[in-house]
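J.: Sequence:
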Amino acid sequence: MKYVALVGYGYWGTNLLRNFVETKNCEVVYVCDNDITRLKPIRKRYPSIILTSNYDEILFDKEIDAVIIATPTRFHHDLAKKAMEAGKDVLIEKPMALSMSEAKDLVVVSKKTKRIIMVDHTFLFTPAVRKLKTIIDNGEIGDIVYIDSVRTNLGLFQTDSNVSFDLATHDIAILQYLLNASPTVITSVAESFYGTQEEIFYIHLNYPNKITCHLHVSWLSPLKVRKMMIVGTKKMIVYDDVEQSEKIKIYDKGVVFDQIRIGYRSGDVNSPNIDIKEALGTMALEFIDTLETRKEPVSNGLFGLSIVNILEMSNNSSRSSKTIIIKNINDNKK
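First residue of the sequence shown: 65, per this note's numbering; consecutive thereafter.
There may be inaccurate statements among the hints.
[As the list claims (entries may be wrong)] With a Cα cut of at most 35 Å, we get these calculated DSBU-like pairs of lysine-lysine:
1) LYS88 x LYS108
2) LYS175 x LYS391
3) LYS126 x LYS195
4) LYS195 x LYS313
5) LYS274 x LYS291
6) LYS195 x LYS104
7) LYS88 x LYS175
8) LYS66 x LYS178
9) LYS176 x LYS108
10) LYS386 x LYS341
11) LYS359 x LYS146
12) LYS168 x LYS108
13) LYS341 x LYS145
14) LYS126 x LYS197
15) LYS178 x LYS197
16) LYS104 x LYS197
17) LYS126 x LYS146
18) LYS88 x LYS168
19) LYS175 x LYS108
20) LYS359 x LYS317
21) LYS175 x LYS145
22) LYS386 x LYS359
23) LYS288 x LYS104
24) LYS195 x LYS178
25) LYS317 x LYS145
26) LYS108 x LYS197
27) LYS274 x LYS313
28) LYS386 x LYS274
29) LYS146 x LYS178
30) LYS195 x LYS108
31) LYS298 x LYS66
32) LYS298 x LYS317
33) LYS88 x LYS274
34) LYS176 x LYS145
No wet-lab data here; the hints were simulated from the structure.
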């Protein structure tokens with residue numbers, strides 16, 4: 065049995081609590097929030113859980129194996145660092161931190177204390193994204209040529225980070241997972257209309273093997289869109305997370321070149337079966353398994369660090385109006 069504490073009981077914290085309570089070999093001992101009144105609903109449903117606004121109470125409890133951090137991003141670094149220095153593994157809500165320097169420091173502390181960092185990049189634990197990974201890895205669509213991704217909605221506006229840290233985090237993590245690589249070149253354009261944080265981002269990424277990716281994220285859209293198009297040399301994929309069924313469609317379409325002319329191939333459209341599982345449930349189960357086996361999770365500290373680095377470089381590009389060349393970036397194998 066692994067004993068965990070949840071810190072931060074906002075919208076995402078409520079989802080995390082429900083899933084960890086339902087996870088085998090796991091007991092949620094504490095829920096902590098600065099606003100103790102937020103925790104009142106927990107008392108009735110989970111009377112055995114200790115409710116507190118004192119984070120030190122968790123740190124000093126030697127029976128706690130891990131801390132789940134679901135606070136605003138600006139608090140991630142300090143809370144995670146204190147937890148690891150107190151001998152506890154950590155699960156951190158995405159993004160891992162607000163800056164490359166903060167994320168890098170957490171990786172250093174993780175190595176020094178021999179504690180595990182796992183970052184809750186939720187889409188990596190969805191059956192659809194894992195199916196995409198299988199399709200790509202088995203070569204069904206051939207070599208990837210380019211990827212186009214759109215993630216928009218009306219809100220929710222953030223006060224401590226812009227739309228890239230809020231929404232593009234998902235797409236960049238998915239790309240990192242699917243391609244097993246980090247971009248080498250980033251060019252971004254962003255705009256802010258209603259505050260100090262950018263609400264619209266266009267991000268162009270160049271990856272190894274001549275793969276190019278284009279991301280569009282926005283808080284200012286009348287439509288909720290979560291769509292990714294992956295074009296390969298053999299087939300093409302449209303992944304639409306808003307769809308209730310047939311989230312993935314594989315198009316047997318392509319271009320045929322010969323010495324005389326260009327031809328176009330058009331075949332069947334296939335929608336593979338996808339398991340129906342809640343991503344957070346899978347994530348919680350894998351986190352507890354990581355605590356027990358000490359195996360590196362798919363979204364480990366280096367993975368989270370890489371995502372924050374890409375986000376930071378993207379912000380630098382948009383604010384300087386320059387293309388950024390990335391050097392010495394860690395991929396998720398290292």
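J.: Hint by hint, say whether it matches the structure.
T.: Comparing the hints with the structure gives:
| no. | hint | in the structure |
| --- | --- | --- |
| 1 | LYS88 x LYS108 | holds, 22 Å |
| 2 | LYS175 x LYS391 | holds, 22 Å |
| 3 | LYS126 x LYS195 | violated, 39 Å |
| 4 | LYS195 x LYS313 | holds, 11 Å |
| 5 | LYS274 x LYS291 | holds, 22 Å |
| 6 | LYS195 x LYS104 | violated, 39 Å |
| 7 | LYS88 x LYS175 | holds, 28 Å |
| 8 | LYS66 x LYS178 | holds, 17 Å |
| 9 | LYS176 x LYS108 | violated, 40 Å |
| 10 | LYS386 x LYS341 | violated, 42 Å |
| 11 | LYS359 x LYS146 | holds, 22 Å |
| 12 | LYS168 x LYS108 | violated, 40 Å |
| 13 | LYS341 x LYS145 | holds, 32 Å |
| 14 | LYS126 x LYS197 | violated, 39 Å |
| 15 | LYS178 x LYS197 | holds, 30 Å |
| 16 | LYS104 x LYS197 | violated, 41 Å |
| 17 | LYS126 x LYS146 | holds, 14 Å |
| 18 | LYS88 x LYS168 | holds, 32 Å |
| 19 | LYS175 x LYS108 | violated, 40 Å |
| 20 | LYS359 x LYS317 | violated, 40 Å |
| 21 | LYS175 x LYS145 | holds, 12 Å |
| 22 | LYS386 x LYS359 | violated, 39 Å |
| 23 | LYS288 x LYS104 | holds, 32 Å |
| 24 | LYS195 x LYS178 | holds, 32 Å |
| 25 | LYS317 x LYS145 | violated, 49 Å |
| 26 | LYS108 x LYS197 | violated, 41 Å |
| 27 | LYS274 x LYS313 | holds, 24 Å |
| 28 | LYS386 x LYS274 | holds, 20 Å |
| 29 | LYS146 x LYS178 | holds, 14 Å |
| 30 | LYS195 x LYS108 | violated, 39 Å |
| 31 | LYS298 x LYS66 | violated, 46 Å |
| 32 | LYS298 x LYS317 | holds, 7 Å |
| 33 | LYS88 x LYS274 | violated, 43 Å |
| 34 | LYS176 x LYS145 | holds, 11 Å |
The structure shown violates the earlier hints numbered 3, 6, 9, 10, 12, 14, 16, 19, 20, 22, 25, 26, 30, 31 and 33.
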